[in-house]
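K.L.:
Model the full structure from these sequences, guided by the hints.
Heads up: the sequence lines are chains A and B, in that order.
The first sequence begins at 1 in our numbering and counts up one residue at a time.
The second sequence begins at 1 in our numbering and counts up one residue at a time.
Mixed in with the good hints there might be a few duds.
[What the hints assert, rightly or not] In silico DSBU-like cross-links for lysine-lysine, where the CA-CA straight-line distance does not exceed 35 Å:
1. B:Lys252 to A:Lys238
2. B:Lys151 to B:Lys252
3. B:Lys151 to A:Lys238
[As the list claims (entries may be wrong)] Between beta-carbon pairs, the in silico distance windows are:
4. A:Phe262 to B:Asp57: 53 to 61 Å
5. B:Gly51 to A:Phe262: 52 to 60 Å
6. A:Asn34 to B:Met186: 55 to 63 Å
7. A:Trp7 to B:Leu206: 16 to 24 Å
8. A:Pro224 to B:Met141: 42 to 50 Å
9. A:Gly172 to B:Ala195: 39 to 47 Å
10. A:Pro224 to B:Ala60: 29 to 37 Å
Simulated from the structure, these hints should not be mistaken for lab results.
The beta carbon of each residue, even a glycine, is placed where N, CA and C say it ideally should be.
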Amino acid sequence: MKKNSAWAGVYMALVLVLLYLPILVVVLFSFNGNPGRTANFHFEGFSLQWYRALFDPATGYGQPLRTSLMVALWSVALSALLGSLGAIGLVRRPVRRSILGRVGNLALTLGEQIAVLPIMIPEIILGIALMVLLTLFGIPFGMLSLVLSHVAFCVPYIFITVRGRLASMDPGLEEAARDLGATPLKVLTTITLPLAMPAVVSGCLLAFAMSMDDFVISFFVNGPQTNTLPVKIYSSVKVGVPPHVNALCTVMLVVVFLIVAFSQMLQSGKLRRQERRDNRDGRTADAQD
Amino acid sequence: MKPDGVTGRFQRSREALAFPMIAYAAVFVGLSLLYVIGLSLMTRGEDFSAGVPYTLDNFARIASPLYLRSLLQSLRLAFFTALFCLLLGYPFAYFMAKASARARTWIMLLLIVPFWTNALIRIYGWKILFAANGPINATLMAIGLISRPLKLLYTEFAVQVGMVYAMIPFMVLPVYSAVERMDWAMVEASRDLGASPARAFLTVTLPMTLPGVLAGLVLTFIPSIGLFFLSDILGGSNTMLWGNMVHNELLKSRDLPFAAALSVVLLALTGMVILIYRRMGGRAENMVF
Numbered sequence: 001m002k003k004n005s006a007w008a009g010v011y012m013a014l015v016l017v018l019l020y021l022p023i024l025v026v027v028l029f030s031f032n033g034n035p036g037r038t039a040n041f042h043f044e045g046f047s048l049q050w051y052r053a054l055f056d057p058a059t060g061y062g063q064p065l066r067t068s069l070m071v072a073l074w075s076v077a078l079s080a081l082l083g084s085l086g087a088i089g090l091v092r093r094p095v096r097r098s099i100l101g102r103v104g105n106l107a108l109t110l111g112e113q114i115a116v117l118p119i120m121i122p123e124i125i126l127g128i129a130l131m132v133l134l135t136l137f138g139i140p141f142g143m144l145s146l147v148l149s150h151v152a153f154c155v156p157y158i159f160i161t162v163r164g165r166l167a168s169m170d171p172g173l174e175e176a177a178r179d180l181g182a183t184p185l186k187v188l189t190t191i192t193l194p195l196a197m198p199a200v201v202s203g204c205l206l207a208f209a210m211s212m213d214d215f216v217i218s219f220f221v222n223g224p225q226t227n228t229l230p231v232k233i234y235s236s237v238k239v240g241v242p243p244h245v246n247a248l249c250t251v252m253l254v255v256v257f258l259i260v261a262f263s264q265m266l267q268s269g270k271l272r273r274q275e276r277r278d279n280r281d282g283r284t285a286d287a288q289d
Numbered sequence: 001m002k003p004d005g006v007t008g009r010f011q012r013s014r015e016a017l018a019f020p021m022i023a024y025a026a027v028f029v030g031l032s033l034l035y036v037i038g039l040s041l042m043t044r045g046e047d048f049s050a051g052v053p054y055t056l057d058n059f060a061r062i063a064s065p066l067y068l069r070s071l072l073q074s075l076r077l078a079f080f081t082a083l084f085c086l087l088l089g090y091p092f093a094y095f096m097a098k099a100s101a102r103a104r105t106w107i108m109l110l111l112i113v114p115f116w117t118n119a120l121i122r123i124y125g126w127k128i129l130f131a132a133n134g135p136i137n138a139t140l141m142a143i144g145l146i147s148r149p150l151k152l153l154y155t156e157f158a159v160q161v162g163m164v165y166a167m168i169p170f171m172v173l174p175v176y177s178a179v180e181r182m183d184w185a186m187v188e189a190s191r192d193l194g195a196s197p198a199r200a201f202l203t204v205t206l207p208m209t210l211p212g213v214l215a216g217l218v219l220t221f222i223p224s225i226g227l228f229f230l231s232d233i234l235g236g237s238n239t240m241l242w243g244n245m246v247h248n249e250l251l252k253s254r255d256l257p258f259a260a261a262l263s264v265v266l267l268a269l270t271g272m273v274i275l276i277y278r279r280m281g282g283r284a285e286n287m288v289f
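P.N.:
As structure tokens, then:
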């Protein structure tokens with residue numbers, strides 16, 4: 001493989017600058033000393049006033065943050081269960097020749113397609129559909145409606161990640177365990193689940209990020225007392241440009257940066273250990289794939 | 001694999017594990033979407049309800065200049081969003097895949113942070129940048145290019161920039177994973193056999209990374225039609241996306257059947273795009289990374 005030219009580096013740097021431009025503006029203005037309470041873009045010295053305003057209970061971000069975290073934790077836990085079991089059940093399906101068997105297989109395929117639909121259709125459609133369905137069922141809008149809705153769009157992330165991992169797994173491992181007398185439950189807990197675990201974890205991380213980030217679906221199914229953080233941000237940002245939102249955004253950016261940096265460090269650490277092991281075994285790192 | 005014997009029975013009992021996921025998706029995704037389709041064929045009732053008689057009036061109402069204009073504007077914005085994301089994102093993903101492992105870790109980190117940061121926050125940064133008294137106008141006026149502030153905020157241009165900005169990670173990530181998985185020996189072989197770099201790219205690299213490109217196009221095109229919050233924040237009342245129409249009918253006019261009909265149109269559009277995607281060999285797996 002050829003190396004990149006210098007122009008490639010320049011191009012990537014330019015795109016990254018554009019990607020960070022609005023973010024840097026937000027961070028910069030979060031330290032604005034200008035006392036104006038609405039859109040005031042004249043930068044007047046360094047100040048932490050908007051951070052004070054943000055953490056002032058009167059601004060009211062505590063409850064939305066708690067709601068978002070609770071919804072994300074519950075939905076990820078439930079989706080991990082549904083999605084992982086779904087992936088284990090559907091990854092390698094036996095061929096069936098009987099009419100009934102074919103109908104059954106078709107039903108499973110259809111079910112699978114419906115389960116992954118939420119990542120393909122626009123969020124606004126799912127939001128409205130869930131809103132009318134929850135109304136039809138008489139489920140009150142609040143914590144419960146938020147969790148039920150978030151599970152619907154978190155499941156596909158975990159399902160697809162875990163199924164991908166299981167599909168690349170050697171089926172002989174499970175068959176060997178069966179031949180050696182393990183019960184199906186034992187095979188599941190000692191072979192399948194441990195092998196699927198890394199994918200379950202990364203699927204959960206992705207689903208957690210999606211749940212914390214979701215605005216559209218939460219917007220349609222939240223209750224009067226249960227705003228999630230993105231819904232609260234939307235109602236602040238839509239009408240004006242309140243400067244404390246800059247401070248909030250900066251805090252969220254720092255949190256996301258730390259989480260992503262931490263997970264990247266874990267991954268590259270694992271990669272390096274892997275390379276060392278490979279070198280010790282007299283193989284080159286390139287031979288891995 | 002034989003469908004019978006120990007393994008066959010094992011596989012069959014295992015499919016039951018997928019039942020909770022499929023049942024959940026059948027109710028909260030399948031049934032809710034069917035309910036929306038049903039609602040779209042009903043007549044508006046009192047106080048945010050719908051009832052008999054069944055009618056096609058809602059769809060007849062959509063065939064008016066107001067809605068057709070909004071549909072065209074939405075499709076145009078979504079089309080150019082997908083196009084600009086491809087033109088900007090493909091080279092980025094390509095260079096990224098060719099960078100050294102260490103550089104790749106860093107670029108990935110820099111790319112994922114905005115991706116995991118709430119879209120509202122990132123859009124909000126553009127609102128500051130585009131404001132009449134914001135940094136862009138201030139800079140242009142300081143260097144004497146313009147004498148009066150340009151109207152940037154609340155224009156279709158602002159919405160287009162915001163959309164490309166919000167969607168570009170969804171192009172870069174699938175293309176990147178396609179380029180990374182690509183067999184470079186094929187490209188080298190075509191070069192050795194005398195193909196020019198441009199020809200090698202067009203006839204070898206591009207076709208091999210097509211699955212990533214297709215996933216990226218779908219992932220940037222479809223959501224763009226429904227991003228009502230983006231045009232609320234950057235477009236004001238000048239840009240009415242299809243998503244805004246649905247949102248307004250539901251929460252402002254409180255016309256449930258008509259909002260459902262508007263959603264069904266968007267759902268049908270999405271279905272067509274996914275069908276084309278499937279027909280061209282696209283898979284759901286390419287959409288999760």
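K.L.:
Starting from the hint list further up, note which numbers the structure goes against and sort them upward.
P.N.:
none
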